[in-house]
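Chemist: Here's the letter readout for the chains.
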Amino acid sequence: MEEFLVFDKVSKSFGDVQALKNVSLSVKKGEIFSLLGPSGCGKTTLLRVAAGFERPDSGRVYLDGEDITDIPPNRRKVNTIFQNYALFPHMSVWENIAFGLKVAGMPGARITEEVNRMLALVHMEDQARKKPDQISGGQKQRVAIARALINKPRVLLLDEPLAALDLKLRQRMIIELDSIHDEVGITFLFVTHDQGEAMSLSDQIAVMNEGNVEQVGTPVQIYEAPVSSFSAAFIGDANFFEGMVSRVEGADYSRLSIEGFPEVLCFNDQPRSQGDLVYLSVRPEKVRISRDRPRDDERVNMVEGAVEDVIYLGSHTRYWVRVDQYRLAVTRQHQRFQLDEKPVTWGDSVWLSWHADDGFMLQRYEEKDEDLLAFLPEGEE
Amino acid sequence: MREWLTSLPSFIWLTILFVIPTVLVFAVALKPADPFGGVGAGWTLDTFRDLGDPNYPAIVWRTLWMSVVATAVCLAAALPFAYYIARSDERLRPVLLMAVVIPFWTNFLIRIFAWKVLLHPEGLVKRLLVSFHLVSPDVSLMYNEGAVLMVLIYTYLPFAVLPIYAASEKFDFRLIEAARDLGCRKWRAFYSVFLPGISRGLWTAALVVFVPALGSYVIPDIMGGPASEMIGNKIAQRVFVDRNLPHASALSALLTIVVVLPMIVYLLRRGTGESGKHPVVEAGP
Amino acid sequence: MKRSRIPLIVAVICFVFLYLPIIVLVINSFNGSRFGSVWGGFSLKWYARLFSDREVWFSLRNTLIIAVSATALSVVLGTLAAFALHRYKTRLQVLHYTLIYTPLVVPDILMGMSLLLLFVSVAMPLGLFTILLAHVTFCISYVAMVVLARLQDFDWSLMMAASDLGAGPWTSFRRVLLPLIMPGIVSGGLLAFTLSLDDFVITFFVAGPGSATLPIQIYSMIRHGSPPMINALSTLLLVFTFTMVWTSQRLMRRTT
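Chains as they are written, first to last, in numbering that gives the first Met the number 0: chain A, 0 to 380; chain B, 0 to 284; chain C, 0 to 255.
Derived from the structure by calculation, the hints contain no laboratory data.
Please note that the accuracy of each hint is not assured.
What the hints assert, rightly or not - Cβ-Cβ distance ranges computed for the label pairs, FRET-style: (1) A:D69 / B:V94: 55 to 63 Å; (2) C:F153 / A:S57: 28 to 36 Å; (3) C:Q151 / A:S57: 30 to 38 Å; (4) C:L91 / A:D181: 50 to 58 Å; (5) A:T111 / C:V75: 32 to 40 Å; (6) C:L91 / B:V67: 33 to 41 Å; (7) B:F131 / C:L43: 28 to 36 Å; (8) C:V37 / B:P53: 42 to 50 Å; (9) A:A108 / C:L91: 46 to 54 Å; (10) C:V37 / B:G36: 41 to 49 Å.
A quick note: this is a predicted structure, and the numbers were derived from the prediction, not measured.
Heads up, the beta-carbon is just placed ideally off N, CA and C, and yes, glycines get one too.
Chain A on its own, in the form it takes in the complex (with noise of 0.2 Å):
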């Protein structure tokens, strides 16, 4: 697949404040593009350059081949669906979703024709008639699909469209998205500040923090291997360790040197060398917890610990443990036979093990990081 929607060294500020620096992205046809990160990290920015309502400092964006730049929105073969969804409140659900049509100056009949396959599309052809105050917030979104994409986009834009509903009605939307997206095929470029969408919806994902792109990758490569510390934080939580590279042991595995633990065998997700510094992340559903000492594995990292919470949570439950100077989170799903179980509960001494390719290791500087403070796990003192 080729290259579609291209960002190049585009930059973007408002004042004093960089929104976007020098960022270079390209999206592929037809595949869900999300843009995650935390509020104020350019996210939104980098929508609206490509919607034509911001035009960048530096930098070009280009649509299949075009330099679009300088196009103004309502020339832009693109359409948004916007976090609000903006719909227009004087018009009915069909007259907002014919709009594009008339303006473009489609004949009647045509547009008739069309906006009625979009009201099929997204199931709301009962509603046609209703003004948008008279609709739910589910139905609001459909409209504002239907009414992006009558106009055939080559990329669909959406702004955070989920942000405004409940959780089910989030998580049944998703579903919808996927399936609209697998019908009409255009590119989706999603912006999402929710982890959980952008792991569900995407193809590929771009992590972004203070106008940088920290990372492209799928959903499994943004999860299973953070390249910084900042997405490995943001995405999902993790257990950061100090550590230092003690020893290489061929090219898979390193032994770390970590204060409080025995020698900590992980994964080389790239080459490393002795003395490295490095923080070694463990996710916490990553960790096994158990009272007895497991079974011995040259590939399974085992330390010894003191429960100091036990979090119920529903459907898993979360455990503070001690061990030395670092308090561990790690996250244990509920199964059947553990009910059997004599549960762990507070002043337990347990132990803790994960698989050395559990692991991940991340460029560690001399001076604190401050990614890693802002993102520890909650519960962290």
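Fit chains B and C to the known structure of chain A by using the hints.
Modeler: Structure of chains B and C alone, referenced to chain A:
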């Protein structure tokens, strides 16, 4: 470019028909009068010196105290009144509000006239009072300061209700419950939580009653007598009876200064924000 | 929590205070007797007399001419001003805002007096035209404030949505912005119309011979004329006010 295109029309209009005339008031006040009702040549301070005439301080003083009393009574009545409307049932609220807005939009000459009819020697109020032996038949209810004050209050009460209502409606009444929960007694919760919460509305209400009251002319003209004249009456007399424009200007200049002071206080207290909207704008027609 | 009864009591007293004079006035307009204190039987004779009064009709004609033209002019000027105030956040607009806001709080008598001085000093003959100029001057501010409030509620992402869907600036303005702020412009216009219709003090200062408006006519009737006829006229105006307030509230509620 667009900014100039959209701003200039109103800018020019108001400069010519509002700013320049206001400056003219001060300029003409420094001119001598000519005997034919026009404005003479040269400059003089005589007109302002004439304001030292013992008549005027009394009138200025009366204008001030009547406006203060009218404002105080309006606020005192409007506060529980607006509070009641704001706390009433949501379906009832628009009806009550409309009931306040209708007298507000009734032509104000008619409202004054209605009181003239009531307080008239043959009017309903007078007859009731006499029949209950509350006043003697020879007492006149009209043409005195009391009658003027009464109609001032009647005219400006809706002006005070609307901004206080607008502020109360936005007030989060759970705060009062919170204060009660924290051990406040009723009155304490009222004046240390509710009043500060609607202070902007109160200040707006005070301004929109006090300033027009200072400039009253028709009310004392119809309801009052020579002993209840206010500055406005004097200005009108100088214009329509004596045809002495410089003198009328000097009085207007004086009134302008008196009006500007409370406005400055108001602007300082109000800060910025929208709950200080003018009630006429708030009420819509 | 038990609520205090005081607000209710004050509210009842206030409503009686506000409506008693008006009700007495309306009842008296149907009173056959000349004297308000005696009931002379139901009669429409004061209305009949009112309708045959040529001066009343003449002043009504003047009032309408002025109200309609003042409304038209002030709606255009005020709406433009509101757009400028909303759209631009420059020093010029701070000054502009002050210029628009101040007339709202200046007592009528000062405005009337200062306009009179202006017209006298440029030797403009007093009459309908000077009244019109004066009315537009105070109406601009009210229209601008009402439209501005509507603009502040306007969701500007709708304009972005329109342009995203292919509408050029003019189409977006005509199809999205204008229909949505129309209720603001209409109610600004109604406000201007009502204010112009009602104004007495400013009009009195800048009116000339033969340019009496209805409020001026009422004033001279109060001073010299027959009270029962004023009762009848007042009742008609009350009905008019009531209808205006009612329709405009309906209008505002339907569109917000």
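Chemist: To test your reading of the hints: which numbers does this structure violate?
Modeler: none
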